[in-house]
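A.B. asks: Using the sequences provided together with the hints, build the complete structure.
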Amino acid sequence: MILESIRQAIVTLRLQRLRTFLTMFGVVWGTASVIFLLSWGEGVRQMLESGFTKIGKDMATVWAGQIGENFTPAIDRRYLWFTREDEEAVARRARLATLVGAESELWTVVGFGQRAFTMSVRGVEAANFELRSVSVASGRPISRFDVQHRRRVAVLGVKARDRLLGAEGRVGSTVRIHGNRYEVIGLLERVGTQLWRDSAEIDEQVWIPITTLLAIGPRYGIDDEITDMILFRYPGRHAYDAAKREVRSILAKRLRVSTRDEEAIHVVSAADALKQIPIDDMQGLFLILAVTTLVIGGVGVMNMMLDSVQERRSEIGVRLAVGARRRDVVAQFFLETVAMTGIGGLAGVGLGIAGSLALGSLEVPDVVPIPVLQGWAVATAVGVMTGVGVLAGLVPAWRAARVDPSLILRVE
Amino acid sequence: MTPVVQLEALEKRFSAGRMEVHALRGIDLAIAQGEFVAIMGPSGSGKTTLMEIVGCLSRPSAGTYRFAGRDVSGIDADGLSRLRGEQIGFVFQSFNLLPRLTALENVELPLVYRGISRRERRERAGETLERVGLAERASHRPAQLSGGERQRVAIARALINRPHVILADEPTGNLDTTTGGEIMTLLDELHAEGHTLVIVTHDPLIGDRAPRHLRIRDGRIESDERAA
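So the protein sequences, as listed, match chains A and B.
End of the first sequence sits at 1572 in the numbering used here; the numbers just go up one at a time, nothing left out.
End of the second sequence sits at 235 in the numbering used here; the numbers just go up one at a time, nothing left out.
In short, the hints are calculated from the structure, not lab data.
Heads up, some of the hints might be wrong.
[Stated by the list, open to error] One side only, chain A facing chain B, incomplete, derived with CB under 8 angstroms:
no.	residue
1	Arg1357
2	Asp1358
3	Ser1359
4	Arg1416
5	Arg1473
6	Ala1481
7	Ala1484
8	Ala1561
9	Pro1565
10	Ile1568
Glycine is no exception: its CB is placed at the ideal position from the N, C-alpha and C atoms.
C.D. replies: This is the structure we're talking about:
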């Protein structure tokens, strides 16, 4: 019976090729859209997440600011700064900060041969490589000892290296930073376009030991080893808020400010920014759009099958006359509609998968989202398609069941 | 012997729009096993309505109808479907073959709804097609057959369940005289083999070939004659 219906649907399909094609196009397109849009939405999500976390996976940045106006008389809104001792305190005491590093930035002139540019020079610690999820493509990273001994060594980002050293530059070249000579000990691997960054992108930065950077010039006229930011890694997104609270309370105590003063101690991470982007809403919207297309496609199929019931009333009459029961007729038209939707739907699944894979395999810049085929997108498409087919099948089947067998003697 | 078809004081009314049509007004009729009856009358006389009721395609408004001794008013819709499929064979003026099926598949159709296996269906349908002289046309679709051939296929479809009665509604109405004559010859043969036949026609030449003539006018039986 089911095989018979599928066969019947194929026959109907063959007899009315253009009409069937136009009708089924809605189902094909709708099903393909569900898969394609959901996969593309996932691609957008992954693009955003990777773009936002290139600054460092699960990494938060703490900045020292100014005492907030709600926490002190205006006259006393002093500026705050972190020292490396503050950083060490966080490293020692914060249980949710699994990795901690200090970093300072100095925009200064970096030269090589006849070339010189103003670049973002970062004073870093050994831990910063891991914190920022980047390793060296050649040479070696900045070590603990480089930091201890204030060595004049530098590690260059990909773009910094291309601009500064050009083709002839390599590990072992000597560059000038703020008038002093530094040995290039390593080159960072390519990070790519960052959707979230602190001033320059990592690819454009020049890294030197933080102690060396602090020795370059007076910072704020204070002798302490000042650090612009404290970086820390939190154990996964679910722990971010707790880690943030813990680190803030440690630093607030040391700087003697309120733990609630977000202007004084400013903690940010890509997670905060990602939260602002309504990816799930967007996915929901995609789903609604695609499902609507599919439902409209289903209405088309239903309409066609209603026509078909009307045209085949004498066939129904004959079937009833030769012994078909109403339920046989109902089943026939129901299954035919479901089969037709199913054929269109499977074509749509194929199209959706093929389209997602084809576009997903394109080489595109970092910030262009491409579909990432999702099993659950295919499952959703098949599920919705089945539901639409069943709903579209009920009405024609019910109409077919109401055909009066005696019409067979009356129609010419 | 119990008549195959037995109608007593049968009435049929139906509404056509706002008008109430009184199509059959008290029909008493018995058709015995092996009879060949022609029901004749002008259009609007009620002969199609009578056929419809005899074929269990609709129910009488009043009176009783016994089919092979069984009162059909006690049978539900599914039961009537089964009765039609197994004990009544229909032949229509416009053949009513399913255009998408081959001749063989059309003949098989009543067996499909009895749940008979594909192999047995093939075999029996093949034999029946052979009986009506169309064995070599089995795989043709109706559109590839002539009118006479289509009607033969339809007769084969009516025959396949060895029904108690074959009801033919203007079986030659869409055929030329020669082909119509061939179909009537086939029906004569079936009668000779012992089948019970009821044909509805308005053509006296066709009706005269049946041994028993029933004339209907205005929903009543006007005459019931048997040829010697």
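A.B. asks: Tell me, which hint numbers fail for this structure?
C.D. replies: Of the numbered hints given earlier, those the structure breaks are 1, 2, 3, 4, 5 and 8, listed in rising order.
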